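> Line by line, the protein sequences are chains A, B, C, D, E, F, G and H. Counting from 83, one number per residue, gives the positions in the first sequence under our numbering. Counting from 83, one number per residue, gives the positions in the second sequence under our numbering. Counting from 83, one number per residue, gives the positions in the third sequence under our numbering. Counting from 83, one number per residue, gives the positions in the fourth sequence under our numbering. Counting from 83, one number per residue, gives the positions in the fifth sequence under our numbering. Counting from 83, one number per residue, gives the positions in the sixth sequence under our numbering. Counting from 83, one number per residue, gives the positions in the seventh sequence under our numbering. Counting from 83, one number per residue, gives the positions in the eighth sequence under our numbering.
Rather than coming from a laboratory, the hints here were simulated on the basis of the structure. Please read these numbers as outputs of a predicted model, since none were measured by experiment. A hint or two may mislead.
Stated by the list, open to error - Here are the simulated distance ranges between beta carbons:
#1 Ala129(H) / Lys133(F): 54 to 62 Å
#2 Lys245(C) / Ala129(D): 40 to 48 Å
#3 Glu249(H) / Lys230(A): 48 to 56 Å
Every residue, glycine too, gets a C-beta built ideally from N, C-alpha and C.
8 protein chains.
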Amino acid sequence: MPEVAVIMGSDSDLPVMKAAAEILEKFSVGFELKILSAHRTPKETAAYVEKAPGRGVEVFIAGAGGAAHLPGVIAAYTILPVIGVPVKGSLEGLDALLSIVQMPPGIPVASVGINSVKNAALLAVEILALGDKNLSRRLAAYRKEMKKEVLARSGRLSGAGYKKYLEAMKK
Amino acid sequence: MPEVAVIMGSDSDLPVMKAAAEILEKFSVGFELKILSAHRTPKETAAYVEKAPGRGVEVFIAGAGGAAHLPGVIAAYTILPVIGVPVKGSLEGLDALLSIVQMPPGIPVASVGINSVKNAALLAVEILALGDKNLSRRLAAYRKEMKKEVLARSGRLSGAGYKKYLEAMKK
Amino acid sequence: MPEVAVIMGSDSDLPVMKAAAEILEKFSVGFELKILSAHRTPKETAAYVEKAPGRGVEVFIAGAGGAAHLPGVIAAYTILPVIGVPVKGSLEGLDALLSIVQMPPGIPVASVGINSVKNAALLAVEILALGDKNLSRRLAAYRKEMKKEVLARSGRLSGAGYKKYLEAMKK
Amino acid sequence: MPEVAVIMGSDSDLPVMKAAAEILEKFSVGFELKILSAHRTPKETAAYVEKAPGRGVEVFIAGAGGAAHLPGVIAAYTILPVIGVPVKGSLEGLDALLSIVQMPPGIPVASVGINSVKNAALLAVEILALGDKNLSRRLAAYRKEMKKEVLARSGRLSGAGYKKYLEAMKK
Amino acid sequence: MPEVAVIMGSDSDLPVMKAAAEILEKFSVGFELKILSAHRTPKETAAYVEKAPGRGVEVFIAGAGGAAHLPGVIAAYTILPVIGVPVKGSLEGLDALLSIVQMPPGIPVASVGINSVKNAALLAVEILALGDKNLSRRLAAYRKEMKKEVLARSGRLSGAGYKKYLEAMKK
Amino acid sequence: MPEVAVIMGSDSDLPVMKAAAEILEKFSVGFELKILSAHRTPKETAAYVEKAPGRGVEVFIAGAGGAAHLPGVIAAYTILPVIGVPVKGSLEGLDALLSIVQMPPGIPVASVGINSVKNAALLAVEILALGDKNLSRRLAAYRKEMKKEVLARSGRLSGAGYKKYLEAMKK
Amino acid sequence: MPEVAVIMGSDSDLPVMKAAAEILEKFSVGFELKILSAHRTPKETAAYVEKAPGRGVEVFIAGAGGAAHLPGVIAAYTILPVIGVPVKGSLEGLDALLSIVQMPPGIPVASVGINSVKNAALLAVEILALGDKNLSRRLAAYRKEMKKEVLARSGRLSGAGYKKYLEAMKK
Amino acid sequence: MPEVAVIMGSDSDLPVMKAAAEILEKFSVGFELKILSAHRTPKETAAYVEKAPGRGVEVFIAGAGGAAHLPGVIAAYTILPVIGVPVKGSLEGLDALLSIVQMPPGIPVASVGINSVKNAALLAVEILALGDKNLSRRLAAYRKEMKKEVLARSGRLSGAGYKKYLEAMKK
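One chain only, chain A, in its complex shape:
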C-alpha cells in the first residue's frame, strides 16, 4: 500500500523526481508515482487526491516547474501534509519556488529547495517515522552513515592533500 504519493505535472519532471522514488525504496516506504496536472487534468487530480487517504496515502510529494500550482492545488483537496518540490525550468527555478512556497494562510504546503527531491522524500520519511519506530531507527542510521561519509572524505583529503584528492575525484 502506498504511504507516499509522488505526483508530477509532466513526465518531463521524471528525471528529477525519480530521486524521491530511490529514497523511498531505500527506506522501504511504499509509494506510487503519478503524472497529474493541476491545469490539464484538474478533475482527475482532485479525484486522485480525495481518494488517496482511502488507499493508504499519508503524505503527498508534488513537483512542478514555472507557475507551479500542483502542490497548492493538491493541498486544497486534502488535510494530509503536502510537500512541494520546485522544479527548475525557467528563471533558475525562482518562479516555481515562489509559486509553491508563498501559499495563502489556511492551506499550507511544505516547500523544499529547488530540485531538492531527495530532501522531499526524506521529509516524508521523517513525518512517517513519527508513527513508526523502525523507520525512525533507519533514519537515524542514515544520518550516521552520512556523517561517517563526510568524515571519511575529510580524512582522505587530509591524508592525500588536495592535489591528489582532486585527481582522484576526476577518475
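Got chain A sorted already, so can you dock chains B, C, D, E, F, G and H onto it with the hints?
Structure of chains B, C, D, E, F, G and H alone, referenced to chain A:
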C-alpha cells in the same frame, strides 16, 4: 447578464480589484464580482467556472497575491480567456506575477501588471469589443479622451511652468 | 485573411516565435508573420498596426527580448487585444517580462510567460473562439486531447515503473 | 507535554511568531515557545533540540530572518520534522526564504512562505493529525469553516454590491 | 531656445523629474518640460521628437516608470542622445530600469540610476559642455564645490564628534 | 587623435569590448583601447583619465563586470561624458549593471545594457555627432540601413514562409 | 591613535554608521570617522587611505549605498583589511551589497550584511584581537553576555507566557 | 602549524575551494583543508572550531553553496575572524551569498564574492599580515606584480591592436 466574471481569492483584494468594476461600469459591460479561492473553495471555484459560460460570461478576470494560483486554476476549467492580475502582497508582487504569468504550455493565462486591475478590465473590454462595434467605438473614444488629457496637462505645464504646476498638484 | 498578426522585433526571435504559427495552423486560424521593430522601424510598425484591422486582423501577438517595447508600442496604436511574449535573451528573460507586463494604466498588454509562444497562440485562439463556435469546439477537443495524453503517460508510468519509463524516454 | 516546539532566534520575532501559538492553542496541541539562537546560543540550541524528543516534542517550528540558519541548525540535530518560517526583515524576506529553503541534500527543512507562521502551525497540526484521528477531524472542520467564511463573504459581496461592501470593510 | 527636452510620461512623475529643471536652470541651460506618453500619445511623441532638433534641442531626458518605454521610443525617432531615467513606481524601480537600459543593438539609450534625475541633467550638461567651454568651466566649478562641501562636512564631523554632528543634523 | 577612450578592467573583457572598436572604425571615429583597472591600477587609471582630454578624448567608454567600479571611478576624475558597459560575468550581469548605473548624485555615468558594447559606441557617436554634421549624416544613414535590413527580412519571411526562412537561417 | 578608520561617502549615512562608533567605543578601540567619497573626493580619499597606516590605522570600515564603490576604491590603495557595509538606499540595498561584495580577483573586500554596521565593527575587533589578548578576552565576554541575554529572555518568555511577554515588549 | 583553516561543506566544493590553498601556499601561510558540514556533522564542526585556536588557527575560510550555513555556524563557535565564500550551485549563487552575508547582529561573517575563493585567501593574508611584516611585504609585492601585469597587457594591446591581441589570446 454578466459578460465578465471578476473573481478574487479574498475580500482583502477588493480595494484593489474594485477598479475593474469601475471600468466595466464605465463601458456598460455587465459583470459580477465573486470571492472564490483556489485553495479554500476549490470545488465551488471549479463549479462556478464551469457554469459561467451558460450564464453569459465570456471573459474571466482573476486577482490574487502570493502563490497566486487562482487565474491558472480557473483557466484549467474553461476555454474562455482568463486575465490574471498579480496583487501585491509580499515580495513587491513578484511572487504573484510569476505564479500567474509562468503557466505551462497548453493552458494560457493573460497576465497584466502588478495591481493593474484597470488594465485587466480594459483588456476584457478590448476582447469583448471584437464582437461589439458599439463597445469598440467607446474604447476608441476612451483612448482619445486619455490622449486629450495628457496633452492638456502638457499644455498647462508649459503655460504655468513646473513650479506653479507642482503647487497646483498639491492642492 | 489573417486574423492574427504575429510580430517579432528581429528574425533571431523566429526559432521561438514559430510555435505560434504552428498552433494557429493547427487550429486553421489565418495569420501573418512580420518582422517589425519598435525601435528600428517605428513608423512602419505604427503604419502596419493601424492598417491591420482593415485587413482582418483581430488579435496581435508580439514577441521581443530585453527592453521588450514591441507589444506596448503596438498597443499604443490599436484597440485590438495585444498579446506579448517575453523572449529570453538576457537576465533569464526577466527584463523582457517586466518590459512587457508592467504597462501603464490605460493601454493593456496581455503577457504570457517567458518564451511561452504556444500559450500566446492559444490565448489568441480563445479570444477568437468567442465569436466562432467551430473554433470553440476545436479548442475543447484540444484540451481533451491534452488530458488524455497526460493520463496515458501516467498509466504507462504506473505500468512500466519509473526505471523502465525513464529508459523509454531516452530512446 | 509539548508536541510542538516553536523556536525563534530573537524576541523581536515574537510578534510574528505568536500566530503559531494561537493556532496550536485553537487545536489544543501542546507546545512551548523558546528563544534560542543558532549563532548566539549554538550549544544551548543543540542541547535543547537533542533533549526535545524525550520531552514529547514531535515537530519543530523555527522562525528566523536574514541569514536564517536556525531551522537548518535545528534539523542538523534531529530527525524530527522541522518547519522553517522565513521572517521578513530585510530584502523583503527573500534572504530568509533562501537561507531556509535551499538546504543541502540529506537534511530537509520544510519551508512555508515569508511570515507564514499560521501555515507553519497548520502544517505541524497536519503532521500530528496523521497519528491522531481527533485532531484530523478538527482539521477537517477548520477547513470547512474557512470555506463557509469565504462563501459567506462572496454572498455578502453579491448582495451588497462592491461599494457598500467596501464601506462596511472600513468600519 | 531649449537645448534639452525633458519629457515624462505622466505628470505624476513631475515631483521627481523637476530636479532636472533645477540643475539645468543652475547651469543656465535652456530646456523645456513636456508630458508625452509613449503609449497614450504615441504620434504626438513621435512628432515632437522629430521636430525637436529644428527647435534647438540637442539632448533628450526622458523619465518613466513600470514598463518604461518612453526613452526607447524617443530614441527610435532621433539620432540625438537620449538619457533615460527609471522612475520608481513598482518593484523598487527595477522594472523601469530594465525597460530603459536593456535596449536592443542599434538604438542606444543612456540610462542613469533609479530616480537619478539630477544625474540625468548633469549628464546632459556634460554632453553639451563638449561644445561649450563656458559650460565646461561651470561644470568643473560645480565639481569643486561638491568636493569642498564633502570635505567641510568631514571636518565638522571630526571637530564635533559624531554625537553632536548627529544632533545638529536633526535640527 | 583619439576622440573616444575605450577602457576595460581586464583583457578578459576584450572579446566583448571589441564591438566598440568595430563601430567606431565603421564611423571613422578615432579611439584608443586601454586595459586599466579601478582596483589594480587605480593611480594609472586616474592619471590616464586626467590627461585624456589634453590628447583629444571627448568621451569615455568603460566596460567592467562584477563590482564594476571602473566607469564610476573614471567619472570621478573627469567632467567628460562616461558611458558604462556592464559586462556579464556573474549573476547574469545584474551585479555589473547595478554597480554601474546606481551612481550617487553629482557624478553621472551613462549606462547601456548588459554586454551592449555596440550601443555604447553608438551613444558615443551620437554625442560626438552633436558637433560634427558629417558624423550626424553617417548616423542617420546607419539608421536607414538598419531599417532597410529589417524590412528586407520581413519581406523575405513573408515571401518564403517561416519554414523555409528558418531553414535558410540555419545555413 | 586610531586603529580603525570608519569612512562613509556622505553624512546621510551617519545615522546608520554611528553604530560602528558605538561598538568601537564599547571595546575601547581607537577610531576616527571620516566623510570621504569615492566619486566626489577621489584624490582626498586615496591620499587619506595611503597615509592611514602611518597614523596607526589597521582596519578600514567603509559604508556606502547604491553603486557603493567606496570600500573597493579604498581597497585599491591599501593592503590593510577593508570591511564594506552596504547601506540601504535603493533596491532594498541589493545594489550596494553587490557593488561591495563582488570584487574582482586580487583586491578583496570583506562584506557584511545590509546596514550591518555593528557586525562590521565587531569584525574589526575580531581582527584586531588576533594581536591583542585583552581585546580577545573582552570579545569572549561580549559573546557570553549576548548568550546570557538570549537565555534570560527565553526564560522570561517561558515564565510569563507569550501574551504577557508581548505586552511587556510594548511598554 | 596551520594559521588558516579552510573548511568546505562537501568535497564537491573542492574544485572551487582549492584556489584558497594555492594562494596560501604562494604566501607560505600554513593552512589545513577540512570537509565539515554544518548540517551533516554539526558536532564535529563545533568541536573542530573550538579546538582550532589551540592548534594555531587564526582565521577561518568557509565555503558553501545553497543555504550556506557553514560560515555562520563556524562563527557561532569562535571569536576568530570567519571569511565566508558563497559557492555557486543554484540561483547563480545568490542563495549562498545571502545565506552568508546577512548574519544577525553580534556574530559577524566577512563575505567575499560568489566563488571568490582567491579573494578569501588574500583577505586572510591581509589579516595575518597585520602581525607579520614579512607577509605584509609579500602582499605589497603581489599587488605591484598585479599592477605590472595589467599595464603590460595594456601596452601589448596598444602595440598589437585589438585584432592581433584577440588572435593571440585564442592561442
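> Could you run down the list of hints and mark each one as holding or not?
Going down the list of hints, with the structure as the test:
1. Ala129(H) / Lys133(F): 54 to 62 Å: The hinted range 54 to 62 Å holds for Ala129(H) and Lys133(F), with Cβ atoms some 59 Å apart.
2. Lys245(C) / Ala129(D): 40 to 48 Å: Given about 44 Å between the Cβ atoms, the range holds.
3. Glu249(H) / Lys230(A): 48 to 56 Å: 53 Å, holds
Against the hints set out earlier in the document, no violation occurs for any number.
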